[in-house]
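Engineer: Chain residues, written in single-letter form:
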Amino acid sequence: MVNGAPRELERNSTIAGLLGSLDIDPRLVVVEHNRSILRDKGTYESLDLKDGDVVEIVHFVGGG
Amino acid sequence: MGIAIETSLDTSPLVIGGREFRSRLMVGTGKYKSNVEMSRAIEASGAEVVTVAVRRVDLNRANEEGILNHLDPDQFFLLANTAGCYNAEDAIRYARLARAAGFNEWVKLEVIGDQETLLPDTAGLLEATRTLAAEGFNVMAYTNDDLITALRLEDAGAVAVMPLASPIGSGLGMLNPYAIRTIKKRLTVPVIVDAGVGTASDACIVMEQGVDGILMNTGIAAADDPIRMATAMRLAVDAGRLAYLAGRMPRREVAVPSSPLTGMIGT
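Going down the list, the sequences are from chains A and B.
Residue numbers for the first sequence follow my numbering, beginning at 1 and rising by one.
Residue numbers for the second sequence follow my numbering, beginning at 1001 and rising by one.
Isolated chain A (complex conformation):
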């Protein structure tokens, strides 16, 4: 699941690969993987995504 919607990924996909395929600049987003925030962006390359993983990709938008 990525941002609430099911998404099929290649085997051995990483967060970095996922962001790349979505054309998202990793510097402008925060990623949560199975409820755990990836504060170290190094894990974007190292973490292997598995079946059933839940990923949230968030950023700052206008708000009060």
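These are computed hints drawn from the structure, not numbers from a lab.
Any given hint might turn out to be false.
[Unchecked claim] Partner residues aside, some chain B positions facing chain A, computed with beta carbon under 10 Å: (1) K1031; (2) Y1032; (3) V1036; (4) A1053; (5) R1056; (6) N1087; (7) A1101; (8) A1156; (9) V1159; (10) D1194; (11) T1218.
Positions of the beta carbon are idealized from the N, C-alpha and C atoms, including for glycine.
Based on the hints, put chain B in the right spot on chain A.
Structural biologist: Okay, now just chain B, sitting in the frame of chain A:
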């Protein structure tokens, strides 16, 4: 111009959580017709603290622009909110996500209790404040105008308490000046009135109560001309602050002449 001189008469800078801020007016970034209009209005407001929300990136809109493309994090202090969160757990999660963006450890904490009024869930707010303060967050807590909740938030570790003037987005102005004054008198941490300011006179009256600052969004963003309104709000916050510091004359229910009673001709 006089504005700079007048502002300099406010000799006590706004300090929250040990950090000094250059403006007592804080502004939101929601509801603008365009990002260009938002940027210009924020500039006109003179605000340093600018609030932002945390939301999912819309994966279906390629190259969607986040707010950071229009706000220079070196120029403004980005204060993330937890708007839209209806329990402590969600608010804590959003605060942690915002911190992971790497700008600061501050959060404008909202735990909403009701969709129609957007009034706060004070039990959830206290719980989230305790947890986040223990994690090192500087928590600015959006709350109602209830003194007891405000006191408890201070005890829970909030660096600022943010009572509403009236409900979020209502533009009704300050409904209970007595409650706001009481909160300001009793709290040690700064009191920033958040929500409900609809026009410049509302902002001025809020500042005349002696509070430390105001946060507003819709009052500027929903004006016909947000850039003009942002300027008006900046001047109104300064005017209200100065009037508070100056100390207003006592109210009297009878007239008192301003001109001498003696020396009238024909007497």
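Engineer: So, against the hints stated earlier in the document, which numbers end up violated here?
Structural biologist: The structure breaks hints 3, 6, 8, 9; every other hint is satisfied.
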